[in-house]
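Asker: Spelled out from the first residue to the last, the chains are:
2 protein chains.
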Amino acid sequence: MTYRILALSIATLLIGNAYAAPLKPEDQIKIRKAGYSFMAWNMGKIKANIDGNFNKDEAAKAAAAIAAISNSGMGALYGAGTDKDIGDTKTRVKAEFFQEQDKVRELAGAFNKEANELAKVAAGGELAALRAQFGKTGETCKACHDKFRKEDH
Amino acid sequence: MTYRILALSIATLLIGNAYAAPLKPEDQIKIRKAGYSFMAWNMGKIKANIDGNFNKDEAAKAAAAIAAISNSGMGALYGAGTDKDIGDTKTRVKAEFFQEQDKVRELAGAFNKEANELAKVAAGGELAALRAQFGKTGETCKACHDKFRKEDH
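Residue numbers (the numbering used here), protein chains in the order written: chain V, 109 to 261; chain C, 109 to 261.
The hints are simulated quantities; they were obtained by calculation from the structure and are not laboratory data.
Some hints could be false.
As the list claims (entries may be wrong) - The following residues of chain V were derived to be distant from chain C, with all beta-carbon distances above 10 Å:
(1) LYS169
(2) TYR186
(3) LYS192
(4) VAL212
(5) LYS221
Stated by the list, open to error - Quick look at which bits of chain V chain C covers, simulated, 3 or more residues with Cβ under 8 Å:
(6) 140-153
(7) 175-184
We treat Cβ as the ideally placed atom computed from N, Cα and C, and that holds for glycine.
Given these sequences and hints, build the entire structure.
Answerer: Dropping the structure here:
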């Protein structure tokens, strides 16, 4: 067994088939929620940096994570059957999300643009610029939540 | 109200205080699991690219997400009280994780190094190199799982 094959076997064991495409609808919901939760954590860290002791490196790494997650093609996690709760796997997505794809693309595109700008600005390390871009990014999050996310349930 | 204050108010509304530091132990567990799930999804995408139709752009974006998540300081999500299940919030971390911090640093550092190399290699777009680096990265995931993660429960 060559090293390459061994390495791939280990990797296959690691991820199993759990997340190999195509994903089950409930896994798509879980993973998209994971992505949003992880981005929210990093937004929270940036906010704490803006409001408190500014740590350029932490803010830059947080923004880089948000941008990279935003770039990773989460649209693939809204496949058929992911429009409602599946057992214990809850989703707050509204039916309109699946009916207004042009609007989804517009709002997702706006977020992606601002998230990448946020990463760029955060890497620059200038607090006032980061504060402004954090606000702009947050507005694009909120625009999509307002349009396509149900209230807590 | 200036634009800046308005923007920050919106951002604050958006993330609420849910993920503002310091996080509750159950939120730390949820967010670290979210990070690992999101990385696993992206590892799965890279594997599908290696095994099937190679899409350089998708593989590069997946690897960038893994690296950025790895760089984002997830060690902060293993605070006091996160060593065991909290209600419905389950964790598979072993007690040893909190007792062998040098080993944790070693394994986490190895993963972080390989994840960043994975992002670099994936950005290069060369399939054979990506396959090799994917294997190396997977080994560092597995090393930590073997040492510090309980079997499914």
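Asker: It remains to establish, for every hint, whether it holds in the given structure.
Answerer: A quick look at each hint next to the structure:
| no. | hint | verdict |
| --- | --- | --- |
| 1 | LYS169 | violated, 5 Å |
| 2 | TYR186 | holds, 14 Å |
| 3 | LYS192 | holds, 21 Å |
| 4 | VAL212 | holds, 18 Å |
| 5 | LYS221 | holds, 15 Å |
| 6 | 140-153 | holds (count 11) |
| 7 | 175-184 | holds (count 6) |
Checked against the numbered hints given earlier, the structure breaks only hint 1 and satisfies all the rest.
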